[in-house]
Amino acid sequence: MAIDIGQFVQTFFEESFEGLDIMEAGLLALEPGVTTDLEKINTIFRAAHSIKGGSGTFGFKDVTDFTHLMETLLDGMREGRLGVTTEGVTALLHSVDCLREMLVAAREHISVEPEQIQELRARLSRLLNRKPAESQAESKPSAAPGAAAAPRAAGWRIQFRPHPQLMHSGNDPVRMFRELAGLGALQARADASQLPKLADLRPEDCYLSWELELRGDATREAVAEVFAWVEGDCDLNLEPLTAEAAPEAPAKPAPPPVAPPGPSAGPQTGEEGQQGELLLERRKGEDRRKGDRRVNVAASDSASIRVGIDKVDAVINLVGELVTTQSMLSALGEDFDMSRLDKLHEALDQLDRNTRDLQEHVMRIRMLPVSSVFSRFPRMVHDVSAKLGKQVELRINGEQTELDKTVIEKIGDPLVHLIRNSLDHGLEPPDERARAGKPETGVISLDAYHKSGSIFIEVDDDGRGLNREALLRKGLQEGLLRPGEEYSDEQIYDLIFHPGLSTAKQLSDVSGRGVGMDVVRSNIHDVGGSIQIASRPGQGTRITISLPLTLAILDGQLVSVGEDCYIIPLLSIIESVQVRVDAVNRVAGKGEVFRFRGQPLPILRLYELFGTEGAVSDLEKGLLVVVEADGRQVGLFVDDLEGQQQVSIKSLEKNFRRVSGVAGATILGDGRVGLILDISGLIRVNNVAL
Amino acid sequence: MEKKTTELATLGQRGLLKREAAAEGLQYLTFSLAGEEYGVDILKVQEIRGWAPVTKVPNAPAFVRGVMNLRGAIVPVIDLRLRFGLETVEYTKTTVVIVATVQSANGSRIIGTVVDGVSDVLNLNAADIQPAPDFGTAVHTDFISGLVTVDSGMVMLLDVDRLLSVEEMFALENVRPAESHITAAAA
Amino acid sequence: MATILVVDDSASMRQMVEFTLKEAGHQVMVAEDGQAALNVAKGASANLVITDVNMPNMDGITLIRELRTLPAYKFTPILTLTTESTTEKKMEGKDAGATGWIVKPFNPEKLLATVNKVLG
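Chains A, B and C, in that order, are what the protein sequence lines are. For the first sequence, the residue numbers in our numbering are 827 to 1516. For the second sequence, the residue numbers in our numbering are 12 to 198. For the third sequence, the residue numbers in our numbering are 18 to 137.
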């Protein structure tokens, strides 16, 4: 029967990639110098072990060999023979990367650069105190199959004396004899001399012993194989029969009573080796056809989402409540009179509550824990800090905080950039820290938390802080700041978000790859968030990202401008004020500024920005809505405030395009379209801050 | 998903037309604009609506009148007179919006077009269509896929995908420098 | 035809063994670790148990010991799936009460040959 195991290979790849993630996380959690972390090492070992077992079965011999080395090293660590050293952990981490590439290559039928594998093999072998050549030889299938080299005999005399408990392990002499009979002509003589009296006889024990003669060309290995499982449960003696010693042997062996177990007749290792080689050959052939593509480990972007059953159940429950409310309302509607007005109000309140709850819970289905982004950082911090020669402790908090899936997907890269910045520019090398009287190990904390309807993510380091002077110089040099004017720290620090403004003395391998903080900021803006920076010289820098809980719904303030109606996100609004013209100044190049609580507040007239007709233009006749984004405040001049309501955000891009200053659109109560303002975009486009 | 439903609904509505078209040739919806007759492939047309006020969109070319609510979707509305640089007229009771599905590199879009009024459905064979001559008029030849002569005169067949390409509408806009930040303010 | 309990934490292994045995006409029960297997075993009897050794929750060795305490599994053949060809590792299973072992990697033919050998 031919069974195609190829159909399970996809499962093997999936579980192997999962295993690699487990190994990586486990390795990062190991503390070098501590060997007592048995359970952690066990977990890593188990993952490696599974990959090794599976890869062998599916014919990825290079993976098997490579994993075997890793496993041996892990075993040594587990048993305390080898220390858990930084070197060892790093080598294993690199091996995880390499293995990932090898598996991708195997899946895509492409090749991995052999130098990398060789180099890691050598490193692992060194750690195992062995020469690489040795480990390679070990993993190769034995060149000479035992069958050919083993001495041949006319047959075997087998003395088999089972210990009484032989059958306790589920073994059965009869089965073994049947197997032997498959190897040649078998004669058996039982010795029942040890059989006790019936009263003393325990049926589970074995009292018989046998003397067997097997005739045929079976090798010693093949015969021993039959008894391999009962080694230690019996006394076994194997003697070759010579032709002379067995004159009474039948001229022709009797046909075997059971079919010979074909493939298992030969020594196992040799056979498997050959099979592995065959598979390897076939894959090499495919490599050639496909050409030498480079390995691409990028995870495929999937449009599905895994949702916890509890979230689905919650929605189902709420739908149940909604149905109840609905039937209540229709019962009321059937014979309604004014005496039942109270009941109607009650039911409508309930409907309102149900709708809100349902909305909230449906939104929750799109929410994922931020840990799916955070989980990559321990590894990154480990690798980058090693490269930079810095000691860094990464503290992660709130990784269970949930965010909209779309937001999660968009904040990964910005966070990578921010953390790299902290590692590279923020944290000082150990000697510099020591001189400054700080602990040599720097701390980067990554926090996620939920506050007043928004999600906040903070990247905090205890490094040297931003260099205000350098930023000021650069700002003046680039013409972003005016000489002779006073700027607040916030205004200065904000400069790091401008394109092409990096104060790093030199571009390093770690950060400064051309992606700047301006890209970070625009990525955050794309998902409706904002970013703020705070820094203290010598004490560190904190970057706070605020993100909307969901991208689908927001609480909005409706404002009227001429015949149009716009929506301002409630979260951006500080307050609304009446303007006194005597407090407004026209500043050359800066437009109108309103002195508001002692601070100059730039005025943006919405009707001017949006070209709205028929709007109020007299500042004293309209309203100024004070809004804030990215730490900057402006006053949006509108005709009047309308109601507040939750609006569902619809895309303008789907059928049209992105419009600057507009975050999206929504359908208003009267069926018309209202535009939702993008406050930080408005502030940026109209560059009112400085 | 939404797109699919729309397409299915569209097909359902015009299933009959489509079958006829397959048998006899092509079908064009004709409409009038400043005294000229134009035709668009009827398979592109999703529906025809009377004019209703739209919401203005800032920083868009003048011919984009704004956006409307089409059963919950936000759909831009183009004034074809303005698009062709013709003189504008007051919208009347006969002013209609032809809602069409437009294919673009970024997938399909739904776009509304304001025209003076809808005239007829024209059954054509491919052989009836003459290539578009170089008019040297306001109507860009690129938008015209062909020309047919009917009893009442000449009908210009429009290439909806080109005509209503959002990318093309903003092609000129892109010449303008992208949003610049502080430097612009200082200037 | 026999009823066989297959225990492995690796889904691909489980699928492959299950498929192979089913193709050969056996009835197959699967479990993904020792604890799950023990629960299965307490509810149903099997003619053969094939178990991985390295597993989370309960490893194969513990599983074998536990199974041998159940009257229904006292003499049931139990085979370990092991990547270790060293005597020491094989013996660990044996000492716990395993009947024998199948060394990974194996192919479906070898698996069936070994199973047939045990089931007779």
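For the record, the hints were derived by calculation from the structure and aren't laboratory data. There may be inaccurate statements among the hints.
As the list claims (entries may be wrong) - Once the Cα atoms are required to be at most 25 Å apart in a straight line, the calculated DSS-like pairs of lysine-lysine come out as: (1) LYS104(B) / LYS1480(A); (2) LYS1447(A) / LYS67(B); (3) LYS91(C) / LYS1023(A).
#### Entry: Pair hint outcome, LYS104(B) versus LYS1480(A) [Cα-Cα no greater than 25 Å]
violated (29 Å)
### Task
Could you grab the alpha-carbon distance between LYS91(C) and LYS1023(A) and see if it respects the 25 Å cut-off?
holds (24 Å)
### Task
Compare the distance between the alpha carbons of LYS1447(A) and LYS67(B) with 25 Å, and conclude whether the hinted pair is satisfied.
Holds, because 23 Å separates the two Cα atoms, which is no more than 25 Å.
In this structure, the one hint that does not hold is number 1.
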